[in-house]
Amino acid sequence: MLHLDMDAFFASAEQLTRPTLRERPVLVGGLGPRAVVAGASYQARVFGARSAMPMGQARRLCPHAVVLPARFGLYRALSERVMSVLADAAPVLEPVSVDEAFLEPPALAGASAAEVERFGTDLRAAVHAATGLAASVGAGSGKQLAKIASELAKPDGLRVVAPDEEQAVLAPLPVRALWGVGPVAEAGLHRLGVHTIGQLAAMDLRELTGLLGTAIGMELHRLARGVDDRPVAPRGAAKQVSAETTFDTDLTAMTAVHDAVARMTQAAHRRLVESGRAARTVTVKVRSADFTTSSRSETAGSGSTDLPTLTAVAQRLARAAVPEGGVRLIGVSLAGLIDDPPPALFEAVRFDADAARPEPDPGPSPTGSAPVDPAVPAPDDPDPLPDPSPADALSQAWRPGDDVRHPEHGHGWVQGAGHGRVTVRFETRSTGPGRARTFAAADPDLVRADPLGSLD
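Going by full-length UniProt numbering, the sequence shown opens with residue 1, and the numbers climb by one from there.
Quick caveat, the hints were computed from the structure, so don't treat them as lab data. Glycine included, C-beta positions come from ideal geometry on N, C-alpha and C. Be a bit skeptical, because a hint or two may be false.
[To be verified] Per label pair, the in silico range of CB-to-CB distance: (1) P231 with G416: 27 to 35 Å; (2) L152 with G326: 39 to 47 Å; (3) E117 with D88: 18 to 26 Å; (4) W179 with A87: 22 to 30 Å; (5) H128 with D450: 21 to 29 Å; (6) P163 with P433: 45 to 53 Å; (7) A87 with Q167: 27 to 35 Å; (8) D204 with S141: 20 to 28 Å; (9) P183 with A253: 32 to 40 Å; (10) H195 with L152: 16 to 24 Å.
[Said to hold, decoys possible] Derived EDC-like pairs: lysine to aspartate or glutamate, alpha-carbon spacing no greater than 16 Å straight-line: (11) K154 with D7; (12) K239 with E274; (13) K154 with E100; (14) K239 with D339.
Put together the whole structure using the sequences plus the hints.
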């Protein structure tokens with residue numbers, strides 16, 4: 001079995017399409033005080049920055065890093081190219097996320113370690129030819145070993161774990177390297193003096209199941225001994241599409257909540273339409289300033305793809321979910337997905353200037369917090385922007401990292417903006433490092449561009 005994982009995917013995609021950033025530390029994510037790192041280049045990781053870290057902390061660790069907003073459309077396009085290469089190599093493919101997947105090529109049935117290495121080398125070369133990006137590949141007798149092998153191969157490498165070396169590879173690794181071992185299980189094992197996979201494999205099964213429960217304990221015991229017979233299986237269609245954002249400052253006005261809900265619904269709706277399905281259930285999740293989370297949902301008898309109707313339902317649910325005090329986070333999910341959507345199913349709900357006033361909700365019921373689909377991008381501009389002064393309003397419209405196009409200089413990206421000026425570096429994947437030029441922010445020749453213009 002093989003596991004392919006793209007190296008520092010988001011940051012590498014930025015370095016690929018913005019050649020000036022190659023070999024420079026890059027952080028992908030928001031700039032607000034509550035933003036987190038979505039991706040970090042290896043040059044930034046040297047300083048301790050990593051994905052899921054608060055952006056403020058990452059910037060303190062790596063103050064000279066270039067911080068860019070995520071461009072999910074670009075990442076999806078590159079992911080599709082990767083998965084196309086993998087699909088050609090194996091009839092059954094199991095994507096784990098946009099940048100990694102398992103595959104079990106029929107050509108490798110009964111193959112020697114040398115044959116697997118040659119196959120893996122060719123596969124990495126094919127991915128690089130299709131995308132321009134580096135990938136690491138791991139091979140082993142099961143999913144667990146293949147994934148561990150790809151981690152050992154990083155960055156830009158190949159690692160084949162032959163059957164006769166499985167225990168030697170697994171034994172010294174920390175227990176956290178096993179699927180299913182999170183912080184709680186890790187702490188419990190550490191209290192028993194179990195720190196490595198080899199120590200876990202040597203545990204008495206009764207002691208392990210007593211600590212972690214029968215199902216989890218037995219599964220981890222098997223994985224620790226290299227027993228993993230889980231098949232490669234294509235992922236089913238997503239059960240929901242959703243989007244959420246954490247705000248730089250808490251929302252305190254219902255009009256601001258309605259605006260945020262509309263943006264979240266639009267982002268989720270975009271994925272709904274792309275999937276060719278309709279939604280029966282709308283769920284709104286709200287997190288207050290004190291981190292209390294509440295949610296409300298409503299389910300119709302049939303599905304809808306009508307954005308105004310779905311937005312109206314979400315805004316009505318939000319009024320019932322908003323707590324006293326400020327709102328820290330809002331999320332909207334569309335679930336109960338069905339194929340062959342009719343044009344509109346939810347009964348239209350009227351919203352006007354009076355909609356900011358809380359009113360009784362006729363039918364929502366509390367639900368558990370809806371999970372967020374990791375494949376769904378955040379909305380294009382989820383963070384509230386400060387009100388710019390009149391003198392600087394135009395330059396505030398440009399953010400570092402925005403894609404732009406100029407009739408003479410071609411495709412570029414914003415390096416900085418302020419005081420009515422904007423500096424753009426004109427370059428794409430194919431141009432090599434480009435030249436930076438400064439314009440008036442109101443220059444009519446400078447227009448926003450599709451990020452995919454930087455790829456080809």
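When the hints from earlier in the document are held up against this structure, which numbers fail? 1
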